[in-house]
Amino acid sequence: MSIIIKNLNKSYKDTKILENLNLEIKSGSIFGLLGPNGAGKTTLVSILNSLIKKDSGEVFIYDYNLETELNKIKAISSFVPQTYAFYPNLTTYENLEFFGSLYGLKQKRLKDKIENAISACALEKYIDKRALTFSGGLKRRLNIAIGLLNSPKILYLDEPTVGIDPHSRRYILEIIKDINKNSDTTIFYTSHYMDEIEFLCEEVAILENKNIVLKDSIKNLKQNNNLTLEELFLNITKKSLRD
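Under UniProt numbering, the first residue of the sequence shown is numbered 1, with each subsequent residue one higher.
If you're looking for bench data, these hints aren't it; they were derived computationally from the structure. There could be a bad hint or two in this list.
To be verified - Derived CB-CB ranges, DEER-like:
{"no.": "1", "residue 1": "ASP178", "residue 2": "LEU234", "range": "28 to 36 Å"}
{"no.": "2", "residue 1": "LEU132", "residue 2": "ASN225", "range": "40 to 48 Å"}
{"no.": "3", "residue 1": "ALA75", "residue 2": "SER11", "range": "23 to 31 Å"}
{"no.": "4", "residue 1": "ARG130", "residue 2": "GLN223", "range": "47 to 55 Å"}
Just so it is clear, the structure is predicted and the values come from calculations on it, not from any experiment. Glycine included, each C-beta is placed from N, C-alpha and C at the ideal position.
Using the sequences provided together with the hints, build the complete structure.
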């Protein structure tokens, strides 16, 4: 398993956000997390990336304990946020060079990692272009490329296609599929788009009322229910993704 979560709890002041949450995610899979706004998706992803601390429970990422082996986890993980996480006045190459240096990459190893990230995200034509000139789709691809610089075993993608046109969305989804296929990287994917989850993910979980209320493979969900994923989600949560 790439991720094992046991009895995870998190509260803000007197409000429980996550309560006794348990979850396991297979290594090398593309896993989709769904939930209405306010369900705790951002909190869960933030805990997994050590951006906020859990109150109690256990988290293991590739057998490393989040509480005691954080540096080892950081070395094999990467988080691509929904917001743009690069410098707009720098070129593609300059951005990748800068962020690669933060991982301690140098000389040939840094160059190789940059070339691999550029290739994976199809940015060859834009190496010397400043990021501020990019379309929304290109900015999203640069965001992902930066996330690949440490060759992560697990890649967290938070709404990576927000605000871009359908053609660019589909192109990015194909890029994500190829990243998973070519490197066996586990991908933890959050999205408001049901069609993205159905296209990409092998397994999906729904987070509602502070806990995981459903987790299964897309294949099983389709076979065992005469409902679309969206209809199933609405039946379980009584909400739309954007409520």
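Here is what the structure says about each hint:
A beta carbon spacing of about 32 Å between ASP178 and LEU234 agrees with the range 28 to 36 Å that was offered as a hint. Checked against the hint of 40 to 48 Å, the pair LEU132 and ASN225 passes, with Cβ atoms roughly 46 Å apart. For ALA75 and SER11, the Cβ-Cβ distance of about 30 Å falls inside the hinted range of 23 to 31 Å, so the restraint holds. With their beta carbons about 49 Å apart, ARG130 and GLN223 fall inside the hinted range of 47 to 55 Å.
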